[in-house]
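Novice: What follows is each chain in one-letter form.
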Amino acid sequence: QKEVEQNSGPLSVPEGAIASLNCTYSDRGSQSFFWYRQYSGKSPELIMFIYSNGDKEDGRFTAQLNKASQYVSLLIRDSQPSDSATYLCAAIPSGGSYIPTFGRGTSLIVHP
Amino acid sequence: EAQVTQNPRYLITVTGKKLTVTCSQNMNHEYMSWYRQDPGLGLRQIYYSMNVEVTDKGDVPEGYKVSRKEKRNFPLILESPSPNQTSLYFCASTRDRFTDTQYFGPGTRLTVL
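Sequence order for the protein chains is A and Y.
Numbering-wise (the numbering used here), the first sequence opens with residue 1 and increments by one.
Numbering-wise (the numbering used here), the second sequence opens with residue 1 and increments by one.
What the hints contain is simulated information worked out from the structure, not anything from laboratory work.
Wrong hints could be hidden among the right ones.
To be verified - Taking lysine to any residue pairs in the SDA-like style, the calculated list, with each CA pair at most 20 Å apart, reads:
#1 Y:K71 / Y:G40
#2 Y:K65 / A:S97
#3 Y:K65 / Y:S24
#4 Y:K18 / Y:S80
#5 A:K42 / Y:T99
#6 A:K56 / Y:A2
#7 A:K42 / Y:R44
#8 A:K42 / Y:S24
#9 A:K2 / A:S32
Work out the full structure: start from the sequences and follow the hints.
Specialist: So, in structure tokens, the structure goes:
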């Protein structure tokens, strides 16, 4: 059974701090990894994706991938109260099928 | 505006009464998927389609049917709904499964009594 594990949280950080969200995955054949943000009652929206080992930066967000350790993380710098949401990690398998595996999400609370 | 639409947004029905949830995208995407989201279980894929007339099972296909007769539409059919299919359903589409985001519809909240 392919799994993506995330700490459910809540992770609480003060405004302006760095929030660190982590995700581990079981399928070594996973090829790409996506981070989505989901506000309560709304649909997920993409933060960023990564498929190469190392870091990828986009504005206040940095995704980190370590395939040897099967570990993906998302750093949010200068956290804002508007970043308060659930963050979903998804792993996309290689091969012919398209069955993404989503983690259960980490709840982030940024308090003023 | 690029979007995925779903209808209805809310539905309350009774056990055994067939229903269809429609999904349409205007981005000419090849890949479309249906997910259900349940508290504590996260998003789980029901079915996906890689192109017209090409569909395949996801992680939780039991009790559901889909069809892809046109590229833009991907309806989800529950022929005999049961209470354990009460959930929040999302349709999504993407151009490229590895390097492009999935665009999610607004969700359909289904209650089966």
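Novice: Compare the structure with each hint and give your call.
Specialist: Hint check:
1. Y:K71 / Y:G40: With a Cα-Cα distance of about 33 Å, the restraint between K71 (chain Y) and G40 (chain Y) is violated, given a limit of 20 Å.
2. Y:K65 / A:S97: Holds, because 18 Å separates the two Cα atoms, which is no more than 20 Å.
3. Y:K65 / Y:S24: Distance of about 16 Å is within 20 Å: holds.
4. Y:K18 / Y:S80: Roughly 5 Å separates the two Cα atoms, so the pair holds.
5. A:K42 / Y:T99: Violated. K42 (chain A) to T99 (chain Y) sits at ~23 Å, over the 20 Å cutoff.
6. A:K56 / Y:A2: violated, 26 Å
7. A:K42 / Y:R44: holds, 16 Å
8. A:K42 / Y:S24: holds, 18 Å
9. A:K2 / A:S32: holds, 14 Å
Hints 1, 5, 6 from the list above are not met by this structure, while the remaining hints are.
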